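Protein chains: 2
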Amino acid sequence: MSLIVQKYGGTSVGTVERIQAVALRIERARGAGDQLVVVVSAMSGETDRLLGLARALHNPPPARELDVLLSTGEQVTIALLAIALQARGIPAVSYTGAQVKILTDEAYNKARIVSIDSANVSADLAAGKVVVIAGFQGVDAKGNITTLGRGGSDTTAVAMAAALKADECQIYTDVDGVYTTDPRIVPEARRLDRVTYEEMLEMASLGAKVLQIRSVEFASKYHVSLRVLSSFSDGPGTLITTEDNIMEAALISGVTLNRDEAKITVLGVPDRPGVASTILGPIADANIEVDMIVQNSGADGSADFTFTVQRNEYDKALAICQATSAQMQARVVAGDKKIVKVSIVGVGMRSHAGIASRMFRALAAETINIQMISTSEIKISIVVDEKYAELAVRTLHSEFGLAEE
Amino acid sequence: MSLIVQKYGGTSVGTVERIQAVALRIERARGAGDQLVVVVSAMSGETDRLLGLARALHNPPPARELDVLLSTGEQVTIALLAIALQARGIPAVSYTGAQVKILTDEAYNKARIVSIDSANVSADLAAGKVVVIAGFQGVDAKGNITTLGRGGSDTTAVAMAAALKADECQIYTDVDGVYTTDPRIVPEARRLDRVTYEEMLEMASLGAKVLQIRSVEFASKYHVSLRVLSSFSDGPGTLITTEDNIMEAALISGVTLNRDEAKITVLGVPDRPGVASTILGPIADANIEVDMIVQNSGADGSADFTFTVQRNEYDKALAICQATSAQMQARVVAGDKKIVKVSIVGVGMRSHAGIASRMFRALAAETINIQMISTSEIKISIVVDEKYAELAVRTLHSEFGLAEE
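Quick note, the sequences are listed as chains F and E, same order. For the first sequence, the working numbering gives the first residue as 1, with consecutive numbering after it. For the second sequence, the working numbering gives the first residue as 1, with consecutive numbering after it.
Among these hints, one or two may not hold up.
Note that identical chains are pooled: a pair holds if it fits in a single copy or bridges any two copies.
What the hints assert, rightly or not - Derived pair list, reagent style DMTMM-like, types lysine to aspartate or glutamate, alpha-carbon separation capped at 25 Å:
no.	residue 1	residue 2
1	Lys387	Glu399
2	Lys337	Asp304
3	Lys142	Asp48
4	Lys165	Asp304
5	Lys101	Asp140
6	Lys337	Glu106
These are calculated hints, taken from the structure and not from any lab test. Given the structure is predicted, the values throughout are model-derived calculations rather than measurements.
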């Protein structure tokens, strides 16, 4: 008998009929002998509806009261799912975050889980009940309702799995797993059976939005086996786990594409300490998030400095940078909004040399010009003109044989 | 400086605009120097929407989960009202029933309040905040969410007022007070400035549905001054209080009409002990509520026994009664669905004789035949043919001079 934590997102519980389908899925898992804890999100559209009401009164809405408001979304779903389960004759009980209780810090709208008191949940499981828990929410030490921020239901599920030492945490979504790349770009893209936490983190942060990054970090930290699978079809999905649990890691697990990038280059900055912080300080002060950063020092005592930001922050970042560069007598500031970032991710990189050069050679064969390069332990990212986006992804997917088992 | 508990029902908080109007009303009361606790219901329509979702899954829905579901309705309103208040620059904080905490028994869907821990609320009031509390809900000793049943928000307001020893509990509704009778029947009907708890209880149970009976009982028990007033217009409303606080009680305070009555008569029942329970036992077993009961013993050793029920239970009650009367050899069972109950209510009856005969004389002058009579300490009720309903009410309203100040 396994203890499984399942999590269903807003689309999976968006209507009465879908809630009934989830109840049926739970009944089957239970029939197979598993103990089940089910974490649910608000019905799709509900959070936005509530947010709309709040904003009509005060925008932005005060943080504490917004959490009181938004947390009702998941509370509705836990009650409805528990009712649907009981309608099938399955003993079920619902808990809000406060009832569990999921203790968080006091950071309304983006609280972090401090601890979970799972005694009641364990007792209910022992008594044969399915326990349905509201995702996304908790309670601070003073009893105020808090929320974990958008997508926080994934984190709730992983945290419950860690607290209960569950055998597996299953995240049901509208896709049937993690793919080697976006199947809309590469039809041969293949669902991965297994992927490591590190790879998943790199893929998630690079644009494969299957899972919330925080939940993967949490799973990695507490060694929770995490499985992504579809709530609309059957299939094993993708297991996200430690490297130890993957017999032979592939060289490369996936190719990711991020279109939401724009780059800014400051040419001829003085090649001396403090330049990077002089340029990026005002950007950070303006709350603009910087993604890639590359600096090349030339032979003439000056350097070229390039970084990327999200496209909708490009104009703001460019204006800030122009002001800064004037002060530091840089030669020129240039920018480009029509770029994309393409990355290959794989723990196999750690033990295999030559992956980068193989990547660059394949792109060169297609005469794709590389504008920026950035590498981490298990990832190589490049920036190319956006017109090459799909071609670059297809070329790399093919080069590293990702379509093959 | 007074401490006031205000309660706004679903219609008063049914839209964003109405919530803003409530916030404005609270701002004015606060400007007058009062400390304010505000109890709110779910936005109108919300409870029915949630109930619809639950029933689509399981009808009737399991009690515990229904309370988890329905309690979200008020939680949405407390957050929105607190947000609306903060938008006006008024410090405000919201509490669910569990957060207050309002401890109840474990009777889901119809819980009774056991105690209220008002320490947090008092601290917030002392800090100058408006405290917004979810009506209708509480939490049992094990931390399960409970609800007080429909209309329970009035009870929450009165209970909070009692716990806080508030100076007044104001119930905002869509009427501007308690009237001497239904103004749709008698245009001269007058708003009462003051009425006693006892009178209000008799009026409420007789069909003047301004306040939930339980909340009036609660107010009476804890001597909470209760005021009914309109959330859509200004005016003093009606104060419901102890007899001591009413300088000179009127002879009669109001005339009420209940159209939802049907009567059943068993003629010629043996005049011996146990007859009433023989007839009414099976009725109670069928969960049919009986209102008036009248028995007259004749000279021939047999008696006539008459009682009234709600009209929609008439057919069921009649069938039961026919079966019972056959067993006890009663002569005949007769019934009538076209009757109404008209009552006069007033604490003045206690100290004035002759009110009943004055009532009967006035009705006789209009040739209205009285079918049943039932009296209590401060009320006289009669049953008449429904075609006389309005005439009887107008006759009595005029006879006792209720239109005059």
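Cross-check of the supplied hints:
1. Lys387 with Glu399: Close inside one copy (20 Å), not across copies (92 Å); limit 25 Å.
2. Lys337 with Asp304: within (18 Å within a copy, 94 Å between copies)
3. Lys142 with Asp48: Intra 27 Å, inter 33 Å, cutoff 25 Å: neither.
4. Lys165 with Asp304: Neither: 50 Å inside a chain and 72 Å across chains, both beyond 25 Å.
5. Lys101 with Asp140: Result: close both inside a copy and across copies, 10 Å intra and 16 Å inter.
6. Lys337 with Glu106: Classified as neither; 38 Å inside a copy, 62 Å across copies.
In summary, the structure is inconsistent with hints 3, 4, 6 from the numbered list given earlier, while agreeing with the others.
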